[in-house]
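Protein chains: 2
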Amino acid sequence: MPQERDLEAVKRAKSRFPLLEPIARRWSPRAFRDDPVEPEKLGSLLEAARWAPSSFNEQPWRFLVAVRRDDPEAFEKLSSCLLEGNRSWAGRAPVLLLTVAKTYFGDDPTRKNRHAWHDVGLATAQMVLQAAALGLSTHLMAGFDRDRARELLAIPDGYEPVAVMAVGYRGDPETLPPDLRERETAPRARKPLEEIAFGGRFGAPLSLRPSVEVEEEG
Amino acid sequence: MPQERDLEAVKRAKSRFPLLEPIARRWSPRAFRDDPVEPEKLGSLLEAARWAPSSFNEQPWRFLVAVRRDDPEAFEKLSSCLLEGNRSWAGRAPVLLLTVAKTYFGDDPTRKNRHAWHDVGLATAQMVLQAAALGLSTHLMAGFDRDRARELLAIPDGYEPVAVMAVGYRGDPETLPPDLRERETAPRARKPLEEIAFGGRFGAPLSLRPSVEVEEEG
Numbered sequence: 000m001p002q003e004r005d006l007e008a009v010k011r012a013k014s015r016f017p018l019l020e021p022i023a024r025r026w027s028p029r030a031f032r033d034d035p036v037e038p039e040k041l042g043s044l045l046e047a048a049r050w051a052p053s054s055f056n057e058q059p060w061r062f063l064v065a066v067r068r069d070d071p072e073a074f075e076k077l078s079s080c081l082l083e084g085n086r087s088w089a090g091r092a093p094v095l096l097l098t099v100a101k102t103y104f105g106d107d108p109t110r111k112n113r114h115a116w117h118d119v120g121l122a123t124a125q126m127v128l129q130a131a132a133l134g135l136s137t138h139l140m141a142g143f144d145r146d147r148a149r150e151l152l153a154i155p156d157g158y159e160p161v162a163v164m165a166v167g168y169r170g171d172p173e174t175l176p177p178d179l180r181e182r183e184t185a186p187r188a189r190k191p192l193e194e195i196a197f198g199g200r201f202g203a204p205l206s207l208r209p210s211v212e213v214e215e216e217g
Numbered sequence: 000m001p002q003e004r005d006l007e008a009v010k011r012a013k014s015r016f017p018l019l020e021p022i023a024r025r026w027s028p029r030a031f032r033d034d035p036v037e038p039e040k041l042g043s044l045l046e047a048a049r050w051a052p053s054s055f056n057e058q059p060w061r062f063l064v065a066v067r068r069d070d071p072e073a074f075e076k077l078s079s080c081l082l083e084g085n086r087s088w089a090g091r092a093p094v095l096l097l098t099v100a101k102t103y104f105g106d107d108p109t110r111k112n113r114h115a116w117h118d119v120g121l122a123t124a125q126m127v128l129q130a131a132a133l134g135l136s137t138h139l140m141a142g143f144d145r146d147r148a149r150e151l152l153a154i155p156d157g158y159e160p161v162a163v164m165a166v167g168y169r170g171d172p173e174t175l176p177p178d179l180r181e182r183e184t185a186p187r188a189r190k191p192l193e194e195i196a197f198g199g200r201f202g203a204p205l206s207l208r209p210s211v212e213v214e215e216e217g
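These protein sequences, in sequence, are chains A and B.
The first sequence maps to residues 0 to 217 in numbering that gives the first Met the number 0.
The second sequence maps to residues 0 to 217 in numbering that gives the first Met the number 0.
In short, the hints are calculated from the structure, not lab data.
Bear in mind the structure is a predicted one, so any value in this text is a computation, not a measurement.
Some hints here could point you the wrong way.
Just so you know, same-sequence chains aren't split out, so a pair can sit in one copy or run between any two.
List time: in silico EDC-like cross-link candidates among lysine to aspartate or glutamate, alpha-carbon distance up to 20 angstroms [to be verified]:
id, residue 1, residue 2
1, K10, E57
2, K10, D107
3, K111, E159
4, K10, E181
5, K13, E39
6, K13, E194
7, K10, E173
8, K10, D171
9, K111, E57
10, K111, D144
11, K10, D178
12, K190, D5
13, K190, D106
14, K13, E57
15, K190, E57
16, K13, E193
17, K190, D107
18, K10, E150
19, K111, D156
All chains should be modelled from the sequences, with the hints used to inform the complete structure.
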């Protein structure tokens, strides 16, 4: 991979303000090396998720981990739930992981947790950034057959499959088919900050210039 | 705050595996100092959220920021949406921020984005960890009047208020009323890893012991 450094530079987040290194560096590749993920690194990923905040500390997240070399059958089951466009590349990652949301509070299925998916998102982001900090890459996928996942992986009532994540060491973009290779090496794009961050009400501009008070305090 | 160091130790995540420092250190205080948040640090928080991954790169997150000193009226509006139990302490934070989910893809309100709240969670976690990296504390709240927020803050149809976040520098627990003071200094609790992380199917144990292959590769 002669353009390895170039690709990291191309993919790096463009920000007007300093960013935590794993946030700046993280992106979602499709090419993965065949190398396994060290079990202790998987442990760090899961612990990172575990310590996320959640509504009423319900911790509505569950994670099903399928390691290709250790349990090819489980890996194949989860891989078979992916839509074809994802399976073609994600099936070659060393680890697939399904995130699952518990949709009610405590032991009472009638007490719906409106923030279940949101909180799974909080935990998943901590996992994704922990991975980036350890030199691992991740790629989250919404495109999979939820009913099939529920059945094949024995997801109980009251729990919902949310996303599938590929985990591994990033590979050579040249191993991808041409259309995916092009996306793999394209710069990342985001809406301008002004379109997502507002002042006191929706749509109002937000000023991020240093205020007089801040300057006075040095 | 003579017990400052002790409190950081009490609150630190207990993990069997190494954690990214802001993940290990982050917790959700209720006592905030009166000091303002530097605008450039707010900028880093919002950029951190901006660069999160999302389904189809829809970026369904919006953030309404209310800075108490700069715009007391906007701050009071958002603060007035909090349930009383939250308003008592969060109303004293220097910044309140409302996270909002866009619930459909692109320009077509009929194309529902099932992952909207999840992806707001991803972006919010990046913001929370960026804050921790900058020495700031955050506290996410689900307890607020969504209808009131929608009306007072002009949230359009197709967008949903998700959570309110207090942002600031952590304060002295002694400034809190006795019941909250006790919670402020109690250790953080999480389910054991075994209850949230499974092997190939729901409920199956996951082995995180180093495999022979990994040992062979050094």
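Between the shortest in-copy and the shortest cross-copy C-alpha distance, which are at most 20 angstroms for K190 and D106: within, between, both, or neither? between (41 angstroms within a copy, 14 angstroms between copies)
Pop the pair K13 and E57 into one bin, within, between, both or neither, using alpha-carbon distances up to 20 angstroms. Only across copies: K13 and E57 sit 18 angstroms apart there, 35 angstroms inside one copy, limit 20 angstroms.
Between copies, within a copy, both or neither: which fits K111 and D156 at Cα up to 20 angstroms? within (13 angstroms within a copy, 23 angstroms between copies)
How would you label the pair K10, E150 (within, between, both, or neither) given a Cα cut-off of 20 angstroms? neither (37 angstroms within a copy, 39 angstroms between copies)
Checking an output row: K190 and E57, CA cutoff 20 angstroms. Within, between, both or neither? So K190 and E57 pass the 20 angstroms test across copies only (9 angstroms; inside, 32 angstroms).
With identical chains treated as interchangeable, where does the CA-CA distance between K10 and E57 reach 20 angstroms or less: within a copy, between copies, both, or neither? between (35 angstroms within a copy, 18 angstroms between copies)
Checking an output row: K10 and E181, CA cutoff 20 angstroms. Within, between, both or neither? For K10 and E181, only the intra-copy Cα distance (13 angstroms) is at most 20 angstroms; the inter-copy one is 45 angstroms.
Since the copies are identical, ignore which copy is meant and state whether K13 and E193 lie within 20 angstroms (CA to CA) inside a copy, between copies, both or neither. Within one copy, since 14 angstroms is at most 20 angstroms while 38 angstroms is not.
For K190 and D5, with the copy left unspecified, which applies at a CA distance of at most 20 angstroms: within, between, both, or neither? Neither, since 23 angstroms and 42 angstroms both go past 20 angstroms.
At 20 angstroms max between alpha carbons, let me know whether K190 reaches D107 within a copy, between copies, both or neither. Cα proximity of K190 and D107: across copies only (18 angstroms, versus 40 angstroms in one copy).
Checking an output row: K13 and E39, CA cutoff 20 angstroms. Within, between, both or neither? Classified as between: cross-chain Cα gap 15 angstroms, same-chain 32 angstroms, threshold 20 angstroms.
If the cutoff is 20 angstroms on CA atoms, where do K10 and D178 land: within, between, both or neither? Let me know, please. within (18 angstroms within a copy, 48 angstroms between copies)
Violated hints, listed in ascending order, are 2, 12 and 18; each of the other numbered hints is respected by the structure.
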